[in-house]
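Residue numbers (my numbering), protein chains in the order written: chain A, 3 to 237; chain B, 868 to 1321; chain C, 69 to 378.
Since the hints were made in silico from the structure, they are not lab data. Treat each hint with caution, since some may be false.
What the hints assert, rightly or not - BS3-like mimics (lysine-lysine), calculated; alpha carbons at most 27 Å apart, straight line:
{"no.": "1", "chain 1": "A", "residue 1": "LYS117", "chain 2": "C", "residue 2": "LYS245"}
{"no.": "2", "chain 1": "A", "residue 1": "LYS17", "chain 2": "A", "residue 2": "LYS223"}
{"no.": "3", "chain 1": "C", "residue 1": "LYS170", "chain 2": "C", "residue 2": "LYS350"}
{"no.": "4", "chain 1": "C", "residue 1": "LYS170", "chain 2": "B", "residue 2": "LYS1075"}
{"no.": "5", "chain 1": "C", "residue 1": "LYS170", "chain 2": "A", "residue 2": "LYS17"}
{"no.": "6", "chain 1": "A", "residue 1": "LYS5", "chain 2": "A", "residue 2": "LYS225"}
{"no.": "7", "chain 1": "A", "residue 1": "LYS17", "chain 2": "A", "residue 2": "LYS5"}
{"no.": "8", "chain 1": "B", "residue 1": "LYS1075", "chain 2": "B", "residue 2": "LYS1089"}
{"no.": "9", "chain 1": "C", "residue 1": "LYS245", "chain 2": "A", "residue 2": "LYS113"}
Said to hold, decoys possible - Chain B residues, not near chain C, derived (Cβ > 12 Å throughout):
{"no.": "10", "residue": "LEU1069"}
{"no.": "11", "residue": "ALA1098"}
{"no.": "12", "residue": "GLY1113"}
{"no.": "13", "residue": "GLY1131"}
{"no.": "14", "residue": "ALA1243"}
Backbone N, C-alpha and C define an ideal beta-carbon position, used for all residues, glycine too.
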Amino acid sequence: MLKIEGIEASYGPVKALHGVTIEVPEGSVVTLLGPNGAGKTTILRVVSGLLRPSAGRVEFDGRRIDRRSTEAIVRMGISHVPEGRQLFDEMTVHENLMLGAYTRNDRDGIKADIKRLNGYFPILEERREQPAGSLSGGEQQQLAVARGLMSRPRLLLLDEPSLGLAPLVSREIFRILRQVNREEGITIFLVEQDATSALSFADYGYVVETGRVVIEATSDKLKEDENVRRAYLGY
Amino acid sequence: MSVWLFLGLLVAFSTGIRMQPLGSVVQRAILAGVLAVGLLVFLLLGAGFVTELFGVLLAAVVANLLTENYVPQRYRIALAIAVAVVFFLAAPWLLENFRLFQFSRVAIWVIVAVGLNILTGYNGQISLGHGAFVLIGAYTSAILMDDQQQLGFVDANAWPFWTTIIAAAVVCGVAGFALGIPALRLSGPYLAIATLALVISLPSILRKYDGLTGGAQGLFVKQPPPPPGLAGVLERDEWLYLLCVGVAIVMMLIAWGILRGPLGRAFVAVRDSEVAAAAMGINVARVKIAAFTISALYAGVAGSLLTQLLGVITPESVDLIVSINFLTAIVIGGLASLLGAVIGGFVLVLLPAEGPDILGNIPLFPDNFLQKAPGAIQGAVVIFVVLLMPFGVAGSYHRFIGTPPGRIIAALRSIPAGLRARLARTREDIVWAWEDSPFNRRSSKSASGEEPDP
Amino acid sequence: MIEVFLAPAPWNDPELFGEQVISGLATGSIYALVALAIVLIYRSTDVINFAQGEMAMLVTFSMWSLLLAGFPAWTVIFIGIALGFALGAFVERTIIRPVEDKPPLNVVVVTLGLFVFLNSIATWIWAQGELPKVFSTPFGFTSVDVSLARVTTHSIGILVVALIVMAVLYLLFNHTKLGLGMRATAHNPGASRLMGVNVGRMLMLGWALAGAVGAVAGMLVAPITFLFPGFMLAVLLYAFAAAVFGGLDSPPGAIVGGLFVGVAENLFGTYTPGDIFGPEMKLPLTLLVLVIVLMFRPQGLFGRVQTRRV
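Make the full structure from the sequences, and use the hints.
Dropping the structure here:
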């Protein structure tokens, strides 16, 4: 479904990616592991069109999407839940969800989707008219995921959904994500620091270091891999 | 007489330009090329004075390239200073009177620009209201120099002109100090608007309290005659020129000293991050007030000189546009750079003076446009310079000089390839944009990702 | 003691007081409109548009020319608003966007340059004939009695138009998807992009709306002050005062600030002794009040406090 081929990207004079190739098959969960500054977030930024690659190509459903506007990419069915959540703090929970559905025009469908998502995230129903900034960290992350789902994506890009959350809360988020993946068939491309959770959730994994893919394998194989275990799983 | 200007500046620059590092041969060659193109353009446009300035700069760069290996640097610097001093002293006999007057004004605006640059460029506080300080300085001088002809109080005797310069500096310093305290609480845009309010209000205040200020007519002063020893040698205008430029040079040197010292470093530290500066033990409030005080003091000195130069001061002598132009000058010249302040001062005076003549020589350019809309040229130039050189002339120059020659060559080499890539990319972008556009029905439907609901 | 400072005591002549307040509210609502335009731009792009008044001036002059050419009044009003809209959009696209990621002073200088440029252009085009030019109002200048005060129909017209503009803006921002996108862009442009909001278009739209609102203010002011190239300058200053007073990022603040400044200006002009202050000092006095207010609330009455980061 998503094909990243040999992309290179840089921030000003600093090159962040040196030819990265990744494939995300439809319906799967693929995770990106790696240390800070390895370029994981950069890869997501390239996919969602926030950053233009200087070389290589990105294909979604067989159509080239690199160098397309973020707006067009969202409309094609890719939703990016960014690092640090990036909610609209002063706007209400409901307005945040409506912004998630910004590219859609079917009022009834949007209403139905909000209702459906409230099933996954009951807390959002309760907090409907509160400013998003007043929510707790876990609630904010739920809102960020819900907002990401509001555009009815077929591919969900998740950047560190467990960052700064208590283990119990982050386990809950992963449970919901698994449900979303299985029940709605939404493909998930996940960047995560917490390798244990990520590998138990994902089907396939890539390890990125200094802007290059160094290992790729199924989650089970990665869990067995000596280097991955030592560097990311800690046993 | 401008041939002399040409020769004088030529020698000064060719020898002394090493004071500003000129970069490697690559940079100098490019610089010479740019200047040559500018020279040619202005020559074709028949812009006499600006062409000469470009000629001087070009000759200086070329001379610098040629003499670099033969004359040691310290001799060049000494020689350059000597030539500059001789030229500065000889200018009254070399230049026409209106040029002297222009240069006097350049000197005055340079003083304001240096002061404003200390506040805005080095310390990061925006002021749109420096015209107000210039006016306060100008009126302080005018009131003190009055000999009871217009004002029936203060002092029956007119003060000597030079004491009023000091008095204007002190009065404006105090005013700057007084404004600096409330300014502590205001962030960027709020401060800009508050200072704008100051410069707008001052003229109506000056008109209103005409017992002190002479109201709308303003005040006339006797322009200081040349000192006794020089009375036979210099005319009054020539003396005023020497006075303005001399004071400007002294003020520049003082600013240079301040900015190199601990206070100058504190200015920059506070500008870059108040929190970090405070953590380093800098008293942020004191430093910011100091910047305001010094900056206003400079404007006061300039205002005092303005009174001496013009012989008359009215509430309109420094209006909103002039005040805005001070900020424009330092941004165009280059923020946080003394060279930038000097460039800004020149631009401020020469652009309105020479601009219409230059544009007037462009064929088919509407004539009455130049008389009716002098500000249009100025506004347009300001916008274009800021768009093209975001760090001002001096800032862009420093960046250019600071870039390693290898990278410049690489950048130049990659221009054709870059252009080609850009062309290809633009073509692709147009294709993408078309595919995404609502006009392209077939593709926009599939792009919106509308799949049948599962 | 009080009599010395208050020339005609307000309580002796309630009718005069009422008139001053109502006409103050009318001019105040013009300030509120221009302040709204300034706030619209400041919220979305963090730019203080010093050329806001001159943009409106250019549009109003164009309308004057169209009226002279014999176009019907309502057509001209419509064209004027459209022109203001287009001018705002054009300015944002051509000269503001390139400096957006540059040092903040550059934007300030660009709008100041635009201020000088537009002023000069208007002088060039329209200062050939006599100045100031008369600009008519569709509301007329008849006096009418409103309970205890006499006010002109134009003042009432101003109030009504200002209310309509504010209502339209309120509906646009709070009850349409476009408004949602614009608000989101003002809060967090990066995240808005991820929502599929075309951020560039929203910024351009913010400028365009500001241009249109400014144009409305211009055509409301011109009948009072007459038309000359600097006629928006005083209005712009009062509008700045209003916007800063209310808080540069708060639209309700701009409205409250505008009305306050309008009334304060009138009362200063009427009730301060002429030999010390009087009408010609009302601008400095109003600005003084503004500076005093800023001392106590540096972010304006309704503005958000900016957090300091290292």
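Right, here's what the structure says about each hint:
no. : hint                  : result
1   : A/LYS117 x C/LYS245   : holds (19 Å)
2   : A/LYS17 x A/LYS223    : violated (30 Å)
3   : C/LYS170 x C/LYS350   : violated (38 Å)
4   : C/LYS170 x B/LYS1075  : violated (42 Å)
5   : C/LYS170 x A/LYS17    : holds (22 Å)
6   : A/LYS5 x A/LYS225     : holds (24 Å)
7   : A/LYS17 x A/LYS5      : holds (21 Å)
8   : B/LYS1075 x B/LYS1089 : holds (24 Å)
9   : C/LYS245 x A/LYS113   : holds (14 Å)
10  : LEU1069               : violated (8 Å)
11  : ALA1098               : holds (42 Å)
12  : GLY1113               : holds (31 Å)
13  : GLY1131               : holds (19 Å)
14  : ALA1243               : violated (4 Å)
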